[in-house]
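For reference, the chains in residue letters:
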Amino acid sequence: MNAPVDSKPIPLSELPVVWTDKEKHRFKVARRSFVDPEILKTEYETIFNKCWLYIGHESELVKPGDFVTRIVAKRSILFTKDAGGTINAFFNACPHRGAQVCRERKGNAKSFQCFYHGWVFGADGKLKSQPGSDCYPDDFNADGQANLVAVPRIDSYRGFWFICFDAGVQSLPDYLAGAKEWIDIVADQSETMMTLVGGTQEYQIRANWKLLTENSIDGYHAINTHATYVDYLKNSQGSMSPVPFDGTGYDLGNGHAVIEYRAPWGRPVAQWIPLWGEEGKVELEKVHARLVERFGQERADRIAFSNRNMFIFPNLVINDIMAITVRTYYPTAPDAMNVFGWALAPQEENAWARKYRLSNFLEFLGPGGFATPDDVEALEQCQRGFESMLEAPWSDISKGMKKDKVNYDDELQMRAFWTRWQACTKATAAPARGDR
Amino acid sequence: MSTLTLANVTREQVEDFMFLEAEMLDEWRLKEWLTLFTMDATYNVPATDVAPNASPDSSLFYVADDRFRLEQRVERLLKRTAHAEFPRSKTRHLVSNVRIRSRSEAELDVGAAVLTFRTKMGLTETYIGSYRYRLVVQDGRLLIHEKRCVLDMDGLKPNGRISIIL
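Residue numbers (this note's numbering), protein chains in the order written: chain A, 80 to 515; chain B, 551 to 716.
A few of these clues could be false.
Claimed, not checked - Derived coverage of chain A by chain B (criterion: at least 3 residues anywhere in the stretch with Cβ under 8 Å from a Cβ of chain B; other residues may be distant):
#1 264-278
#2 372-382
#3 451-461
Quick caveat, the hints were computed from the structure, so don't treat them as lab data.
For every residue, glycine included, the Cβ atom is placed at its ideal position computed from N, Cα and C.
Throw the hints in and build the complete structure from the sequences for me.
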């Protein structure tokens, strides 16, 4: 049995979802958290409405007037750069009667006109005109009440923009805690700006969103789940460098976590593999030499040769592996999530490196890759397994707990997530009596 | 009967070729399916928010296979350890609206509509899209030089994966 052992059994409704026994090196998560609509409601109230959430990357808003619309925690958000160069995030809902003002995914516009009654707003959110304005008092918008409503908090770190719906949230740098120095390692890969390559991988998984959190920073599953990807690397002439998998996991505070490890695949910044030929070798040596000039040998080697699967609580993944993916995801139901994946690259990278980067990305990542479809399958199979949660109520996340120094394929990083999740939701392993 | 050439190939012959290809996919005759491609063939599925004619060298796709990776994709799909397709899904590719859009000395540019159903574990998913093929004739046989499937969807919802060949 994998239920907590105690002299007298404690009712599930009195146990937290995240149950841990440090002495016995046990860490359990109640499967209720993956299936119960009440938990999802609590997650929106205590996590998505309270935490800093990723909205977009600076490279998406380059020129004044550039805009992107994006769903963040169910809200449609209009993310803009205005004429003064300020980056803004507005609720994409007309202050007049509520219609979505902008219905395009992205573009460049001087103003946004709500098609319903014709109110026009600038990229700074200010009301510019409304038909029939003579029917309103002169001071109608003197206090700004007819402007687009701004998201309470917006801030960025190294090109990654975040918003928060809670005006009282701690500052973004404080919130990011130990994750900042790891974001630096990604941002430092460009001397000008990291940029999102055109194209979004958007997909839905029929599984609870937290399963993707676990999966995105899970070094343990690769050998089994991704057996065919490893076969592929072995089959591809010269697609591996002689580097064994090895590394460590870190708790970065506030629920953020990372695993850092060496791996045999090629990295466009900058681990060469024979497949990339002599031209590639010269190119990557140049990239590496420039990193040494900028950061010294040790940090340059870390940037170039180490892989990082990084998780920013509650739902941002930046995986700097055979390519860099930025991924965010939101639950639409306890057993469904929408996933958005992008490819991040140094802006100044030449066409050769960009081509290999994207090729590397697709080998492993995304719904058409040689690995991600099997992850999707694993998550959906977990969700099916949870149907027996009344009788089989616990998942186990204790790998590596007994060790002083954990390996990248232990589960410390997932425990960091779950510990923070528990602190936010205060959820119990079963509903309190009378709730059902 | 005259030998098949790029100059004399008819839409009906192109349709027969595409229907045969669909049948091979739906019957999981993937090794045989590979023989329909040239040795320098590519198979592409762009992301749903890039231009239909975008290049995988500069935009993010779902799939951008060269001949080698296409062969590896087939090898992978035929293994028990291709978990997303174990047990294998049932599929049905419906190919319609086939049209020769243009004909050069080197190849045919063919457009078509495609609807693919994938059923696994009680769930049926639909992939809606168009095909663009660049076909060549070698030794009197039609072969695929490029197969591109452009999805008419806003992302892969609720599909979650392209674990089959579209």
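| In terms of beta carbon proximity below 8 Å, does the region 451-461 of chain A have 3 or more residues touching chain B? | holds (count 7)
| query | If you look at each residue in the region 372-382 of chain A, do at least three have a Cβ nearer than 8 Å to any Cβ of chain B? | reply | With 0 residues closer than 8 Å to chain B, the region 372-382 of chain A misses the three-residue bar; violated.
| field | Per-stretch coverage check for the region 264-278 of chain A, three Cβ contacts closer than 8 Å to chain B | value | holds (count 3)
Hint 2 from the earlier list is the only one contradicted by this structure; the remaining hints agree with it.
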